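Peer 1: The residues making up each chain are set out below.
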Amino acid sequence: MGAFLVRRVIGMILVLIAVSFIVYLIFVKIPGGNPADRIAGRTATQANIVAIEHKLGLNHPFVVQWYDMVKALLSGTLISYYDGTNVVGQIKEGLPATFSLCIGAGIIWLFFGILVGTISAATAGRFSDRTITALALVGISLPVAWLGLILRYIFAEGGATSVFPDGGYVPLTQNPVQWLFHLLLPWLTLAVLFIGFYGRVLRSNILDTINEDFVRTAKAKGLSPRRIMVKHVLRASLIPIVTLFGLDFASVLGGGAIITETVYTLHGVGYYAYQSIEAQDLPPLMGVTLYGAAFIVVFSTLVDVAYAYLDPRIRLS
Amino acid sequence: MAEKLLDVSDLKVRFATEDGIVRAVDGVSFELERGKVLGIVGESGSGKSVTAMTLMGLTRGVNARFEGEILYKGTNLLEISDRDMQNYRGNELGMIFQDPMTSLNPVYRIGEQIAEAIRAHDDVDKRRARARAIELLRQVGIPNPDSRVDDFPHQFSGGMRQRAMIAMALSCNPSILIADEPTTALDVTIQAQIVELIGRLKDDFDSAVIFITHDLGVIADIADEIMVMYAGRIVEHGTKRDVFYDPQMPYTWGLLGSIPRLDRPRPERLHTIEGMPPSLINLPEGCKFRPRCPHVLEKCTEEPGLENRVDTPGHLDRCWLDVGFKRGHRDETIAGGSAEAA
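Chain order of the listed sequences is A and B. Residue 1 is where the first sequence starts when you use my numbering, and the numbers rise one by one after that. Residue 1 is where the second sequence starts when you use my numbering, and the numbers rise one by one after that.
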């Protein structure tokens, strides 16, 4: 276990270095990528541009530029090219909204995904299964942006059926009821796709597991159908769901819920990422990307640890 | 006379599939007394496993239809509810399966899995169930059961896994142990140990055993009675002595001829039964073994009943051939290639 963790931590650091390098490379090499050009404005002279490049350190060799930026980011002194705000500070400000959105939505989609998948498998071929399958396909197919806007239009924009506040975020510590009220629609929007997807995956896992020999053994022991389902079938079928959840949850926590946060003007990390992309603002993008990548690598390690716990045949070596 | 535990009469099992109705078991009758070992022999698809699984209620499902009776101590197991059947499984009838690797749940400890079976039927706490699991493991010959009880299945060898399965099946002291090809997935040296163990535990637990195999050699020592199945029906039924020394069905000859034997001149190659078992959806007219039988008569287009045709009472077969003819010709098949070569 100790050796495993050491190896994984070294691996994570290497991945993060590679990610930061690639992000920087892409940003500087894309057409119109030179930040100095944009900052200088349309009527800039060559001298203006050179002065800005000099000020931002863009006249240094590529590797040095990259190194300086990562160093500034890690020491918390990196500032936006666009409005001069502190990148780390901005990300920190976005954390409560993003975490509230993602943890709530994660609980909802995991719970309903498992519920829907189990019901669907238990009644395979019957009406409830077919209904769930159809709804799941609809859920998977709905574009998040569209669903978010429609839900907002129906439930939040002041019409007859409008019961929720229209966007925005109220901190949990300030008013828990309002916090919940503001987040219900975003949670639903973010969770729908995952519920449909997890339900489908779990359904097929369960139907595969039901035919395993050890399930027949469990029946031959005289266990109740419920116990067979929960202790033997579901336990084995959930292992792949753990992987999916670990990585999906990490990606939304890491600022991946960009569309949901934008549609509901939740000022989280995803919303910050969206603004930075629009402004082609390199430092925040670097910050947000590394922040997201860190979640992915940490959670993929957690998934591996969870795997070893769930399946004793797997050893962390 | 020993207590009659099981009385199966005219059992029929059919499954509806997309290709048509599969007649997996078609009119099987037999009895089983306490202390006896019944061997059921046949190829894959002969209906022997479906018969066993039906005794356990494991073939129940929306696509399955049952006829006939399975009287266990006077109760018809085909008519009781799923919930009542649950109380029979494991408690009255225990079952072990072919592949002990896949039959044990890989994510639970051996002891947990045995204790789970105990606690499904007996109201005991976890500690007592565990103590009993250790005792059972000792009885089936697992060394150091005190520590091995906490092992996972993948830490056991194949033979030990099957021993653990047997411990689990016997954990609630069932009257009948059904062993469905319990040795097929094991090394030859381990096979004999498992068969011997089953025979010994049958006496220790005062139960009866139904031993299913495709290899007559495996049950030569242990079986009291042998039932040969083909195409979902019994084609020969008698004592072990009847079936081994006076087999009446050409199919049984083929099975006997396919056992390698050290007490006879070595044939160039072991006997094989030509062809494949028939589809259980479209069965041939008449005797079901007719397409593969080397001694077909015109009369064979009419199916022979399962009757006593020899002087030993209770020895039943389904074959029109003259008993004298059979006794004169069967060694050609049983002795295999050597008879033809001679």
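Hints are computed from structural coordinates only; laboratory data are not their basis. Remember, it's a predicted structure, so these values are computed and weren't measured experimentally. The beta carbon of each residue, even a glycine, is placed where N, CA and C say it ideally should be. Heads up, a few of these hints could be off.
[As the list claims (entries may be wrong)] Here are the simulated distance ranges between beta carbons:
#: 1; chain 1: B; residue 1: R128; chain 2: A; residue 2: R7; range: 41 to 51 Å
#: 2; chain 1: A; residue 1: R226; chain 2: B; residue 2: E67; range: 29 to 39 Å
#: 3; chain 1: A; residue 1: R7; chain 2: B; residue 2: A220; range: 48 to 58 Å
Peer 1: Would you mind marking each hint as holding or not holding in the structure?
Peer 2: Taking the hints in turn, this is what the structure says about them:
1. B/R128 / A/R7: 41 to 51 Å: Taking Cβ atoms as reference, B/R128 and A/R7 lie about 44 Å apart, which means the hint holds.
2. A/R226 / B/E67: 29 to 39 Å: 30 Å, holds
3. A/R7 / B/A220: 48 to 58 Å: Between A/R7 and B/A220, where Cβ atoms are some 56 Å apart, the hint holds.
In summary, the structure agrees with every hint in the numbered list given earlier.
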